[in-house]
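Participant: Listed here are the chains, written in short residue letters.
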Amino acid sequence: MPLHKPYLDIPGTTIFDAEQSRKGYWLNQFCMSLMKAENRERFKADERAYLAEWPMTDEQREAVLARDLNRCIAAGGNIYFLAKIGATDGKSFQYMAATMTGMTQDEYAAMMLAGGRSPQGNRVIGEDGDAQPHRQGRAPHTPSSST
Amino acid sequence: MPLHKPYLDIPGTTIFDAEQSRKGYWLNQFCMSLMKAENRERFKADERAYLAEWPMTDEQREAVLARDLNRCIAAGGNIYFLAKIGATDGKSFQYMAATMTGMTQDEYAAMMLAGGRSPQGNRVIGEDGDAQPHRQGRAPHTPSSST
Amino acid sequence: MAKITASVYTSHVPAIGAALDLGKSHEPYWQPVFAGYDNSRQWLRENRPDVIFLVYNDHATAFSLELIPTFAIGCAAEFKPADEGWGPRPVPTVVGHPELAAHIAQSVIQDDFDLTIVNKMDVDHGLTVPLSLMCGALDPARDRWPCAIIPFAVNVVQYPVPSGRRCFMLGQAIRRAVESFDQPLNVQIWGTGGMSHQLQGARAGLINREWDNAFLERLIADPEGLSKMPHVDYVREAGSEGIELVMWLIARGAMADVAGGPAPTVRHRFYHVPASNTAVGHLILENH
Amino acid sequence: MAKITASVYTSHVPAIGAALDLGKSHEPYWQPVFAGYDNSRQWLRENRPDVIFLVYNDHATAFSLELIPTFAIGCAAEFKPADEGWGPRPVPTVVGHPELAAHIAQSVIQDDFDLTIVNKMDVDHGLTVPLSLMCGALDPARDRWPCAIIPFAVNVVQYPVPSGRRCFMLGQAIRRAVESFDQPLNVQIWGTGGMSHQLQGARAGLINREWDNAFLERLIADPEGLSKMPHVDYVREAGSEGIELVMWLIARGAMADVAGGPAPTVRHRFYHVPASNTAVGHLILENH
Ligand SMILES: [Fe+3]
Ligand SMILES: [Fe+3]
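Protein chains in written order, with my numbering: chain A, 1 to 147; chain B, 148 to 294; chain C, 295 to 582; chain D, 583 to 870.
Simulated from the structure, these hints should not be mistaken for lab results.
Incorrect hints may have been included.
To be verified - Derived CB-CB ranges, DEER-like: (1) D/Glu806 to A/Glu62: 47 to 57 Å; (2) D/Lys662 to A/Lys23: 27 to 37 Å; (3) B/Lys170 to D/Trp668: 30 to 40 Å; (4) D/Ala659 to B/Gly273: 29 to 39 Å; (5) C/Asn333 to B/Glu209: 45 to 55 Å.
Stated by the list, open to error - The calculated DSBU-like cross-link candidates involving lysine-lysine, where the alpha carbons are at most 35 Å apart (straight line), are: (6) B/Lys170 to C/Lys318; (7) C/Lys318 to C/Lys374; (8) B/Lys170 to B/Lys238; (9) D/Lys662 to A/Lys23; (10) B/Lys191 to D/Lys702; (11) A/Lys36 to C/Lys374; (12) D/Lys662 to A/Lys44; (13) A/Lys5 to C/Lys374; (14) A/Lys91 to A/Lys23; (15) C/Lys414 to B/Lys191; (16) D/Lys585 to D/Lys810; (17) A/Lys44 to D/Lys702; (18) B/Lys170 to A/Lys36; (19) A/Lys44 to B/Lys238; (20) C/Lys414 to A/Lys5; (21) D/Lys702 to B/Lys238; (22) D/Lys585 to A/Lys44; (23) A/Lys36 to B/Lys238; (24) C/Lys297 to C/Lys374; (25) B/Lys170 to B/Lys183; (26) D/Lys702 to C/Lys522.
Ideal placement from N, C-alpha and C gives every residue a C-beta, glycine not left out.
Make the full structure from the sequences, and use the hints.
Facilitator: The structure is reproduced here in structure tokens:
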């Protein structure tokens, strides 16, 4: 696809464009199904069985089971759809956001109270902000243990 | 609504604009429900009871019961929706079209085979074509008796 | 690079589909209609595209009054023939081209066309009858349509429908989008609906042979001028459902000459009255 | 003749709705957020319109990936608050204005905006949180919103979303449409979403206070220039969900000064960080 994608050089950011949407179609439609209480119950009762009903990739299913939102997004998930998994789990959106950043929820909440993450160093891949890929492995915060 | 409606002076023609659509909303949605076999059965079993389930006007219900498509259109119906009533009745579209013109189906079919209705005299209300209001009451053809 | 090689224009009268499905195509009433497409079927066999971008309108089938998109592009992998009240037509499932469809959607939305993206939709006679006319009778189970098809549904049921000019400009944007796709696809664009017909009221059965033929003439030679014709002229001259013809301007706008290329070749032209309530018109234009 | 008397701009953070619904608005975390709207609630009581044209986006609630309209106008008589996974928000049903909505739809489609007309739709926090912020807590059974509301949903979830320029032009078309309606209605137009926030990936939590305040500044004084800002600037500077701010340009485009009238009066301006993951921005502009 030769369409210009000027957003590819933004660190830690996946734009939900037509290509991502095609890739994540069934993953996102699975999430959408969790808007119905009876589907939430069935999912909670047997996650693997429920996921098997959807024509998703194995990677998408594993990413959902692991509640690894970054993997879900890489596999075509969109955060507004993925948020319905968190709602099913009874987790707050801030909790979900924190899990994508390698911070605990408390650390993330503290960062927000202090004014949020700075755009400084986080505008273009290759700068040295805290959202840069090369700083994700060795973040000062230990990843949350509760998933 | 002061939007310009340059089509109001065309004889025998009702444009399905926003106003007609609002007026005919439930009439048309009732028609749409006939796309499902179980609804067609229920409608056929008791037309009045089925119509009573829809928040239509009495005029709309009576027009449907009478299979008077011109009345249905005046009440906000659109022909693509209304056609589903004919399909439920097992009538052809040409049959339905004929009923709106005061012709029998045979007369209408003969007109179509002969090249269709001429636009001559039927472009503007006040001309003297066969679709003009003043010629509807005293059409040379007697209306079809089978409704 | 993908390329639009030809455009096809045709009426999509439901009774034509029924005649074909019921094996009536050789009856005296229908024979002249289908004969008008004999050359076209041959042409399509010889000029089989990879993708058909098929412009049509939904007739209160996939879209009720709950939701009416002005322009809807089908991005799904497949589209099932709709049950329009007599069961689905016995024709093959329509296989889409999600990748090109998504590309076109992305491109023309960035070009300020406010499309609705549709990933689930049944397709009615507006889409399947043109395919049947151009491909002949096919077995729903054994056969397949000759190529991938991108359904593009235009609202011509509830007013206001998009203007001829808007449709013509959209065609131009679609051509730009197709040409920026980086796979070497042969793409045809089809415009369907019309010609003159009126399905409602005391004026039902209106046919305007003269106007229809002038429309075909201008579509070939002066599409830009034709695109300026106001809706009311379509309705007054070609009947309330004659407005479907605005969709032909989308296909025409996608041809090379509109962007400064050479004029297209008229490969086929056909006109016949009647098919049920409708005048049948058909045109094939080739790019070079 | 109907008239647009004012425009209101505000974030629509779901956590704000939850805080209000759970009676947390006086907690230290939330108090500053709601305090920023004290004057606005008073202003709305004193300047109650007949209709609010409320621009917002659906967050995978009414629209899944099955069907994604770029612009959808709600023409129904009422719209129910959606169940977004925790049950519907306990707020009154939204009463529409079918007549004005249909009029605006008709007018702007004729102005070449390819709207999707919606007659059945539940509305999510994108629409109800701004109402709650401006009206305070209301009882879903006993109370009503102060006026009729026309929901106008913009796709900002799947790219490409409409450009800022397209949104700004649409606002101008909406103003023309409103002014051609022949009932003497007092209409406000609200633009919602934003300000800077990112809800995904390693960059989640991004806030750009400087950029947000420059945006507010330009929205007031140079909306035409602001409308030319490309999407990528929103994303890079204000986070991936900061793109919601393009919707503010629809409301801004509908103000009188854009059509040569006098500059609007800034009745209120407010900015606060954070509400959950988001920077809250708010502005009231009055026409004369
Ligand atoms: Fe048609
Ligand atoms: Fe939002």
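Participant: Determine for every hint whether it applies to the structure shown.
Facilitator: Hint check:
{"no.": "1", "hint": "D/Glu806 to A/Glu62: 47 to 57 Å", "in the structure": "holds (49 Å)"}
{"no.": "2", "hint": "D/Lys662 to A/Lys23: 27 to 37 Å", "in the structure": "holds (33 Å)"}
{"no.": "3", "hint": "B/Lys170 to D/Trp668: 30 to 40 Å", "in the structure": "holds (38 Å)"}
{"no.": "4", "hint": "D/Ala659 to B/Gly273: 29 to 39 Å", "in the structure": "holds (38 Å)"}
{"no.": "5", "hint": "C/Asn333 to B/Glu209: 45 to 55 Å", "in the structure": "holds (51 Å)"}
{"no.": "6", "hint": "B/Lys170 to C/Lys318", "in the structure": "violated (40 Å)"}
{"no.": "7", "hint": "C/Lys318 to C/Lys374", "in the structure": "holds (24 Å)"}
{"no.": "8", "hint": "B/Lys170 to B/Lys238", "in the structure": "holds (26 Å)"}
{"no.": "9", "hint": "D/Lys662 to A/Lys23", "in the structure": "holds (32 Å)"}
{"no.": "10", "hint": "B/Lys191 to D/Lys702", "in the structure": "holds (27 Å)"}
{"no.": "11", "hint": "A/Lys36 to C/Lys374", "in the structure": "holds (26 Å)"}
{"no.": "12", "hint": "D/Lys662 to A/Lys44", "in the structure": "holds (28 Å)"}
{"no.": "13", "hint": "A/Lys5 to C/Lys374", "in the structure": "holds (33 Å)"}
{"no.": "14", "hint": "A/Lys91 to A/Lys23", "in the structure": "holds (26 Å)"}
{"no.": "15", "hint": "C/Lys414 to B/Lys191", "in the structure": "holds (31 Å)"}
{"no.": "16", "hint": "D/Lys585 to D/Lys810", "in the structure": "holds (27 Å)"}
{"no.": "17", "hint": "A/Lys44 to D/Lys702", "in the structure": "holds (31 Å)"}
{"no.": "18", "hint": "B/Lys170 to A/Lys36", "in the structure": "holds (33 Å)"}
{"no.": "19", "hint": "A/Lys44 to B/Lys238", "in the structure": "violated (50 Å)"}
{"no.": "20", "hint": "C/Lys414 to A/Lys5", "in the structure": "holds (26 Å)"}
{"no.": "21", "hint": "D/Lys702 to B/Lys238", "in the structure": "holds (31 Å)"}
{"no.": "22", "hint": "D/Lys585 to A/Lys44", "in the structure": "violated (52 Å)"}
{"no.": "23", "hint": "A/Lys36 to B/Lys238", "in the structure": "violated (41 Å)"}
{"no.": "24", "hint": "C/Lys297 to C/Lys374", "in the structure": "holds (27 Å)"}
{"no.": "25", "hint": "B/Lys170 to B/Lys183", "in the structure": "holds (24 Å)"}
{"no.": "26", "hint": "D/Lys702 to C/Lys522", "in the structure": "holds (34 Å)"}
Checked against the numbered hints given earlier, the structure breaks hints 6, 19, 22, 23 and satisfies all the rest.
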